Amino acid sequence: MDILLKDGHIVDPANRLDSTSDILIRDEKIAKVGKNLRVNGAKTVDCKGKYVLPGLIDMHVHFRQPGREDEETLLTGSRAALKGGFTSVLCMANTNPPIDNQGVVEYIYAESKRIGLINLYTVGAVTKNLDGKELTEVGQILAAGARALSDDGKSIMNAELMRRALEYTKMFALPIISHCEDLNLSKDGVINEGFVSTKLGLKGIPRTSEIAMVMRDIELAELTGGRVHIAHVTTREAVELIGQAKGKAINLTCETCPHYFTLTEEAVLGFDTNAKVNPPLRTKEDVEAIKKGLSEGTIDVIATDHAPHSEEEKDVEFDSAAFGMIGLETALSLAFSELVAKGILNWKQLVERMSISPAKILGLDNKGSLGAGSDADVVVFDPKINWVVDVKKLESKSKNTPFIGKRLDGIVTLAIVGGKIKYENGKFH
Amino acid sequence: MAVTWVRKDLLGLEELSAEEIGLILETADSFKEISQRPIKKVPTLRGKTVVLFFFEPSTRTRTSFELAAKRMSADLVNIQTSASSLTKGETLKDTAKNIEAMKVDIIVMRHSSAGAPHLLAKAVSPSIINAGDDSHEHPTQGLLDLFTIKEHKKKIAGLNVSIIGDIAHSRVARSNIWGLTKLGAKVTICGPATLIPPDIERLGVKVTYDVKEAIEGADVINLLRIQLERQGQNLFPSLREYAIKFGLDSEKMKFAKKDVLIMHPGPINRGVEITPEVADGPYSVILEQVTNGIAVRMAVLYLVSGVRERKH
Amino acid sequence: MVFRDKAKIMDVEQIDKTLTRIAHEIIEKNKDVENIALVGIRTRGAFLSERLAGKINDIKKKEVRVGILDITLYRDDLTTISEQPVVHKTEIDFDIQDKIIILVDDVLYSGRTIRCALDALIDFGRPQNIQLAVLIDRGHRELPIRADYVGKNIPTSLKEVVQVKIKEVDGIDEVMIQEKEN
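Sequence order for the protein chains is A, B and C.
Letter by letter, the first sequence follows residues 1 to 429 of the numbering used here.
Letter by letter, the second sequence follows residues 430 to 741 of the numbering used here.
Letter by letter, the third sequence follows residues 742 to 923 of the numbering used here.
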């Protein structure tokens, strides 16, 4: 059935569109964009007062399948994604067993097809078992459909190994997503090293742990010509280094997450384990630098690093609690309230950070755009509705977010994937 | 004294007001005399159950709390890690809920994880008293230190207090800093640069690496233990070097005021942070701290048991 | 709760005369003044016991030991009252073994305070004899307790309150009866 979205404010930077118009979706593609479209027999959705965006792409999620299906499955994660406006996601490899060989990659894509909700992509691990010692069969993994490589969750400490990995993957034109952490500096640390760690008597993770490794990866990218995408940037200095490096001819991109432009280390006061995340929440100055980096385009992508954890892993002593927070369902609202509503990003830039750039980096042609012929992955967002983050209403199987009880502005009302409505006003199809 | 005690728990000194600290010290003063009677007992906590929930070894603090509870006629239960079901994989919260189901009134807790008492305070209804949560706080130690100073100096405001040692890993240092600054003392902390935590000046203290500077002009010097385990972490080269540079000996005492108080939370490492002559010398009030510890803990148990409102 | 002054029962002269009379009675009953110690119950009882000791000294030219007792920790109502009462120091720095202890309080009412005081005293040792001196006995005993020396008997109703004020605490010496309003 055709779908006609009427009178929405379309934000489609790929086609220089940022105004009210109609969109016709036919089969699995965008058929036509224009004013006053009329089609017989189409399901018409009134989008007046709402924003119509290319489906968001989250290039950093942890769905816990295989291994910890009690925390999240590909199915529950897909639903959480839809609710948050994400029509495509990239799964990280630190599952159990890890996604470090062709077989597991194929399993993920087979499951994705069976579930049939969103475009589920996966990375392949850089090293076997994410041990940081031996390269995986990169070629086979990419041939099976992996869109990038990453040992995220773990850091590749051996610079020589990272160098060879970057050189090798040069052949495939896909990036290594790098989790930048110096494991010796960060050892036993649980929050940012600074005033809050001093007050609480908790061991801190010094900012240099991230900065030094970002510097290393930038240098290795320059040395090898390989592609590096720096995951979850949190520090002012990392933003500066990346900004400088982008002036040179280096294949360098990076991302940050909503919690790094909305929360500071103070969220941990009172020992709230929902604010325990790696890399840790930083200072006010870092939050400002992240926002500036997003605004200037130094930071290419907003991803969520959606990291579900069960109650048993979070409702324990702070030192023992797992790192990570879920983020799919709150990301767009947070980006809207903190960045767009406050004039730090305009809608065009937001779509670039959350749809166009991820599509480009992962080589997903036909996505990130609402032009005729593009894949019909479309999201409708109502900025006027505000909602309270309620544990009972979260779609994700895990509820570890520090935003519980907070009132957020703006909500996704419709999500279309591949030309079919998958989510509408609270219901999944 | 206009303030009443309304807190179900005592988790730290950071959240207390100067008036609340004053109330505890005043109450402790009234309890001190009980330990000097021939029959060291009052019936105040008769029928109440106090559980000592200790995950780190401790003789001093545990015995002190035990005597404090028993001298107030409370029923006492001792739980040590090795004997508890935590080693069988039960979570801390579950163990606490099991204890709560036995209808206890107060849980005194020492744990190797900062924030563990806060976790329990939210989860169960008995009062939680923090007897030390890793490097975070040790409120009753901070209080008995304040009490000891006040007994000798009659006040806290305006005093120069120096805390010397491994500040970074010290819950005693943090509790002392909160208590002393709230009551108006001027605090200086001193130790090797590797053992001074970042941004600590923001708590209103002066930082120096020069032990002479910390000793001169100090009305009170509080020495912290150097833990043997820290040596393996490259935080300082050797105990010998620490003792030479920071250990309080008779030579360094020459720079001290004639009426200085020497304090130490114990147990002391003779010859490391303090020499025997100083520990046993005329300026040392280390043993008084132990005596005062019981009075302070009795006061805390008394005040906390009087809070009627219970959660859940 | 609001109280309204109803009647003045004793003024400063009457209080002084009454204390003098009690001092004489104590001396008469206990031939051996050497072995007497007064223990005042905080707060006003403590000051009254000081005064009594002074009067006994005036008459017999002998110093009588005085102690102060805080009975808060012995109260039987700690679990039911709304606020934890403030604890003050007990100061009995002499041995009470085999002594004649005279407890001193301002008002004797239900008798529970004296019951607490007896429990507290026993924890300090074994006196030969414990007697009780009160400025006012207002009746309505809830326990079998009686005073050996009474300044004045004042029959009262349960709606009334006997307010003893003494110079050391309240700036004035007087005994008032007050009535609870509504």
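No lab work stands behind these hints, which were simulated from the structure alone.
Careful, some of the hints might be misleading.
[Claimed, not checked] Computed cross-link-like contacts, DSS-like style, restricted to lysine-lysine with a CA-CA straight-line distance of at most 27 angstroms:
| id | chain 1 | residue 1 | chain 2 | residue 2 |
| --- | --- | --- | --- | --- |
| 1 | C | K840 | B | K461 |
| 2 | B | K499 | C | K803 |
| 3 | C | K830 | B | K584 |
[As the list claims (entries may be wrong)] Sample of chain B residues with no beta-carbon within 10 angstroms of chain A, all distances over it, derived:
| id | residue |
| --- | --- |
| 4 | R489 |
| 5 | T520 |
| 6 | L521 |
| 7 | G613 |
| 8 | Y638 |
| 9 | D688 |
Computed from a prediction, not measured in an experiment: that's the story for all the values here.
Ideal Cβ positions, reconstructed from N, Cα and C, are used throughout, including at glycine.
Would R489 of chain B pass as off the interface with chain A, using Cβ distances and a cut of 10 angstroms?
At roughly 20 angstroms from the nearest Cβ of chain A, R489 of chain B sits farther out than 10 angstroms, so the non-interface label holds.
Restraint status (C-alpha distance of K499 of chain B to K803 of chain C at most 27 angstroms)
violated, 41 angstroms
Beyond 10 angstroms from every Cβ of chain A: is that where the Cβ of D688 of chain B lies?
Label holds. Min Cβ-Cβ 32 angstroms, cutoff 10 angstroms.
Is the Cβ of T520 of chain B farther than 10 angstroms from every Cβ of chain A?
Not fine: 6 angstroms to the nearest Cβ puts T520 of chain B too close to chain A.
Whether Y638 of chain B stays farther than 10 angstroms from all C-beta atoms of chain A, as the label says:
holds, 17 angstroms
For L521 of chain B, is the shortest CB-to-CB distance to chain A above 10 angstroms, so the non-interface label stands?
violated, 6 angstroms
Does K461 of chain B lie within 27 angstroms of K840 of chain C when you go C-alpha to C-alpha?
holds, 25 angstroms
Compare the distance between the alpha carbons of K830 of chain C and K584 of chain B with 27 angstroms, and conclude whether the hinted pair is satisfied.
Cα-Cα ~19 angstroms, so holds.
According to the definition I'm using, a residue is off the interface if its beta carbon is farther than 10 angstroms from all beta carbons of the partner; does G613 of chain B meet that for chain A?
The claim holds: G613 of chain B sits with its nearest Cβ about 20 angstroms from chain A, beyond 10 angstroms.
Hint check: violations occur at hints 2, 5 and 6; the rest are consistent with the structure.
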